[in-house]
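Number of protein chains: 2
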Amino acid sequence: MKIVLIGSGNVASHLGKAFAAYGYQIIQVYSFTKANADALAFGFTAALATDSLAQIRTDGDLYILAVSDTAIPTIVEALPADLVGLVVHCSGATDTAILKKFANSGVIYPPQSISKNITLQISEIPFCLEGNSPKNLALLQEIMSPIAPHCIPCDSKQRLILHIGAVFVNNFSNLLFQCAYELLEQYNLPFELLKPIIIETANKVQQEAPRDVQTGPARRNDEITINKHLDFLSQDKEKAEIYQLLTAQIIKRNK
Amino acid sequence: MKIVLIGSGNVASHLGKAFAAYGYQIIQVYSFTKANADALAFGFTAALATDSLAQIRTDGDLYILAVSDTAIPTIVEALPADLVGLVVHCSGATDTAILKKFANSGVIYPPQSISKNITLQISEIPFCLEGNSPKNLALLQEIMSPIAPHCIPCDSKQRLILHIGAVFVNNFSNLLFQCAYELLEQYNLPFELLKPIIIETANKVQQEAPRDVQTGPARRNDEITINKHLDFLSQDKEKAEIYQLLTAQIIKRNK
Chain Y
1 MKIVLIGSGN
11 VASHLGKAFA
21 AYGYQIIQVY
31 SFTKANADAL
41 AFGFTAALAT
51 DSLAQIRTDG
61 DLYILAVSDT
71 AIPTIVEALP
81 ADLVGLVVHC
91 SGATDTAILK
101 KFANSGVIYP
111 PQSISKNITL
121 QISEIPFCLE
131 GNSPKNLALL
141 QEIMSPIAPH
151 CIPCDSKQRL
161 ILHIGAVFVN
171 NFSNLLFQCA
181 YELLEQYNLP
191 FELLKPIIIE
201 TANKVQQEAP
211 RDVQTGPARR
221 NDEITINKHL
231 DFLSQDKEKA
241 EIYQLLTAQI
251 IKRNK
Chain E
1 MKIVLIGSGN
11 VASHLGKAFA
21 AYGYQIIQVY
31 SFTKANADAL
41 AFGFTAALAT
51 DSLAQIRTDG
61 DLYILAVSDT
71 AIPTIVEALP
81 ADLVGLVVHC
91 SGATDTAILK
101 KFANSGVIYP
111 PQSISKNITL
121 QISEIPFCLE
131 GNSPKNLALL
141 QEIMSPIAPH
151 CIPCDSKQRL
161 ILHIGAVFVN
171 NFSNLLFQCA
181 YELLEQYNLP
191 FELLKPIIIE
201 TANKVQQEAP
211 RDVQTGPARR
221 NDEITINKHL
231 DFLSQDKEKA
241 EIYQLLTAQI
251 IKRNK
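Chains Y and E, in that order, are what the protein sequence lines are.
When the letters of the first sequence are read in order and numbered with our numbering, they come out as residues 1 to 255.
When the letters of the second sequence are read in order and numbered with our numbering, they come out as residues 1 to 255.
Chain Y on its own, in the form it takes in the complex (with noise of 0.2 angstroms):
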């Protein structure tokens, strides 16, 4: 299996060096900076780094597009149309028909915020695998198994609610932890305090449905402390106004 990966990011460099574990020959290395090809290109045994798209390889069987999605459509239209090998973005909200011009043509999206720095488990990963053909998503699934043992496959409208899944779990929820961090900043609060129950929170929606673990003064309905809190509120409209529109949904949600 002769991979070429183009981009040199945080899905890039662990799906990279996932694949070459395996054994899988990673043959070269794309990126629009010099450098950061080389950079990764110099951790596996035979690859080339590029910053050209026209000296990319044809003699691969898997590229894998791990750039911005910004940047697939360049990508697409700099590579041959008789490319042989199966041609893969990692977009969860690029349509695959972004690929048509390729033969052979899929996508492998983890639902994941994929960090470069930080260790993580590529076979602890979920991955959706969508292929142009039956025959391209099996070899999809042949390629991904022994890397990533979660894969599942997954239509492009399946993707895009995973992707929409993963703002609201990922992104979202990340916007809400930084809202407690300026609230407790403001009053000379370390966020220390409030990190054993961000953790607490994640590890209880493992093992249930968010719905039971659900609790607080929006799912009890505690009129007495809500108007407390958004008395308190009342000098940051912003939040004041997640707060309102998210206890609504709480409230509704139980009644």
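No wet-lab data here; the hints were simulated from the structure.
Every value quoted in this text rests on a predicted model; they were computed, and no experiment measured them.
The reader is advised that the hints may include incorrect statements.
In this list, chains with the same sequence are indistinguishable; a pair is considered to hold if it fits within one copy or across any two.
[To be verified] Once the Cα atoms are required to be at most 30 angstroms apart in a straight line, the calculated BS3-like pairs of lysine-lysine come out as:
| no. | residue 1 | residue 2 |
| --- | --- | --- |
| 1 | K17 | K101 |
| 2 | K157 | K100 |
| 3 | K135 | K17 |
| 4 | K101 | K2 |
| 5 | K195 | K157 |
| 6 | K252 | K237 |
With chain Y fixed as given, assemble chain E onto it according to the hints.
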């Protein structure tokens, strides 16, 4: 140290066990429901159970009111005003004034969501301590420090802020998990797919400030993806409303 536990719920149960393990004596457990008082008291060598507020012993050194916020006034009214022991509640949103009839009073508030059947180390939970005098605050610190080394003194306003912060990071995040659960369920996708990213999101803010690990379409101000998501959510007004509000606030923070 002779302790009277008033309440038999999650907080009473975890605190009682930690105190007893350290060697404090739980002399009585009160619950509105006798069977619950019996069940908790059973675990302590010398504890008697009661469901009668009139029977509460007067020789305790510490009375812990670990009951729902709404039950606190009734309990306080029923307790004799001339108790010499320290009377504390565990509520984030209840003013200390509610305990003013007692000579010695205070608060031990854990900004944590404590579930009875989830194993949890009291020693890892921060507690916010407040006393009605410097002497009583010092006494509470002395009593708590062997079982909970992360105690900090905290006035009523700071406690309210922590409670609001806990609502944001716990109750509201859990609502976001629930939203994602509902979305996935509608399209036959298992919630399992998002469990790793939920853990990852919580882990990231243990080491870094939330603002430094914010990712996603709102963070990048990626209007194409945001519009794709909103277009999809147009069938689900409530989730669309959450999506719009939280996205706008992330964008604003990164301007």
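Against the structure, the hints come out as follows:
1. K17 - K101: within (28 angstroms within a copy, 66 angstroms between copies)
2. K157 - K100: This pair counts as within: shortest intra-copy Cα distance 17 angstroms, inter-copy 59 angstroms.
3. K135 - K17: Only inside one copy: K135 and K17 sit 26 angstroms apart there, 59 angstroms across copies, limit 30 angstroms.
4. K101 - K2: within (21 angstroms within a copy, 78 angstroms between copies)
5. K195 - K157: between (35 angstroms within a copy, 20 angstroms between copies)
6. K252 - K237: both (22 angstroms within a copy, 14 angstroms between copies)
In summary, the structure agrees with every hint in the numbered list given earlier.
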